[in-house]
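Chain order of the listed sequences is D and H. For the first sequence, my numbering begins at 1 and goes up steadily by one. For the second sequence, my numbering begins at 1 and goes up steadily by one.
If you're looking for bench data, these hints aren't it; they were derived computationally from the structure. Don't take every hint at face value.
Stated by the list, open to error - Here are the simulated lysine-lysine pairs, DSSO-like style, with alpha carbons at most 30 Å apart:
| # | chain 1 | residue 1 | chain 2 | residue 2 |
| --- | --- | --- | --- | --- |
| 1 | H | Lys27 | D | Lys105 |
| 2 | D | Lys90 | D | Lys40 |
| 3 | H | Lys16 | D | Lys90 |
| 4 | H | Lys16 | D | Lys100 |
| 5 | H | Lys35 | D | Lys105 |
| 6 | D | Lys90 | H | Lys26 |
| 7 | D | Lys25 | H | Lys16 |
| 8 | H | Lys26 | D | Lys105 |
| 9 | H | Lys27 | D | Lys90 |
| 10 | H | Lys26 | D | Lys11 |
| 11 | D | Lys100 | D | Lys40 |
| 12 | D | Lys25 | H | Lys35 |
| 13 | D | Lys95 | H | Lys16 |
| 14 | H | Lys27 | D | Lys40 |
| 15 | H | Lys27 | D | Lys11 |
| 16 | D | Lys11 | D | Lys25 |
| 17 | D | Lys97 | H | Lys16 |
| 18 | H | Lys26 | D | Lys95 |
| 19 | H | Lys27 | D | Lys25 |
| 20 | D | Lys25 | H | Lys26 |
| 21 | D | Lys100 | H | Lys26 |
| 22 | D | Lys40 | H | Lys16 |
Claimed, not checked - Chain D stretches covered by chain H per the calculated footprint, using a threshold of three residues with CB under 8 Å from any CB of chain H:
| # | stretch |
| --- | --- |
| 23 | 71 to 84 |
| 24 | 93 to 105 |
Using N, Cα and C, we set each Cβ at its ideal position, and we do this for glycine too.
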Amino acid sequence: MPDQNGTLEIKTVEFEEFLDILFMKLRVLRPPTREQEGLKLMICSQFPQNKEIQDEVLVHRLERILNDLDHIYVNIVRMLRHPDYDIAHKNAIQKLKETKSQVNKHMKVVGGKASKAASPEKKKVPEKQPKKK
Amino acid sequence: MLASEALGINYFVMSKAVFEFMLQLKKALGDRDVKLPDVLEKKSTTR
Chain D
1 MPDQNGTLEI KTVEFEEFLD ILFMKLRVLR PPTREQEGLK LMICSQFPQN KEIQDEVLVH
61 RLERILNDLD HIYVNIVRML RHPDYDIAHK NAIQKLKETK SQVNKHMKVV GGKASKAASP
121 EKKKVPEKQP KKK
Chain H
1 MLASEALGIN YFVMSKAVFE FMLQLKKALG DRDVKLPDVL EKKSTTR
């Protein structure tokens, strides 16, 4: 929720640091490296072109997933046991990657427009010569 | 609608290992009765 000044605080933590903290404080083992991409796509910010917020875990997002885990537990187990799970898993990851790249592309376009607006290029317009009578 | 669904989370991204990680994390938080933001605070609490 935004505060009185209208600013919104978003808690984030760097992905690798997040896994280290969980192991150090809670003894939660990190998932295998090849599986971490899915986790990253699910809980990290979607701005891969911005190095400052790259691979940052959105704490609030993860909290919501954890809260809902009891409700979706059965569905996830059913989903994991489904014979077509591997294909669906690959498709889901591919789709998220595409979304990420589209967001990235859009951000670049918007950024490009913003920078152009900041320093507008002046077009040379040929001056009209007064008609001779 | 669940809060996580409203965020547009596609649970097909969740592999078995990630699901187990989530369960492990939820259990650890519940056992210690702590909240995730408190755990992820950079200041470490030493006693």
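Here is what the structure says about each hint:
| no. | hint | verdict |
| --- | --- | --- |
| 1 | H:Lys27 / D:Lys105 | 39 Å, violated |
| 2 | D:Lys90 / D:Lys40 | 15 Å, holds |
| 3 | H:Lys16 / D:Lys90 | 13 Å, holds |
| 4 | H:Lys16 / D:Lys100 | 23 Å, holds |
| 5 | H:Lys35 / D:Lys105 | 36 Å, violated |
| 6 | D:Lys90 / H:Lys26 | 26 Å, holds |
| 7 | D:Lys25 / H:Lys16 | 23 Å, holds |
| 8 | H:Lys26 / D:Lys105 | 35 Å, violated |
| 9 | H:Lys27 / D:Lys90 | 28 Å, holds |
| 10 | H:Lys26 / D:Lys11 | 19 Å, holds |
| 11 | D:Lys100 / D:Lys40 | 12 Å, holds |
| 12 | D:Lys25 / H:Lys35 | 12 Å, holds |
| 13 | D:Lys95 / H:Lys16 | 19 Å, holds |
| 14 | H:Lys27 / D:Lys40 | 20 Å, holds |
| 15 | H:Lys27 / D:Lys11 | 22 Å, holds |
| 16 | D:Lys11 / D:Lys25 | 18 Å, holds |
| 17 | D:Lys97 / H:Lys16 | 20 Å, holds |
| 18 | H:Lys26 / D:Lys95 | 27 Å, holds |
| 19 | H:Lys27 / D:Lys25 | 13 Å, holds |
| 20 | D:Lys25 / H:Lys26 | 13 Å, holds |
| 21 | D:Lys100 / H:Lys26 | 27 Å, holds |
| 22 | D:Lys40 / H:Lys16 | 15 Å, holds |
| 23 | 71 to 84 | holds (count 6) |
| 24 | 93 to 105 | holds (count 3) |
Consistency note: the structure conflicts with the earlier hints numbered 1, 5 and 8.
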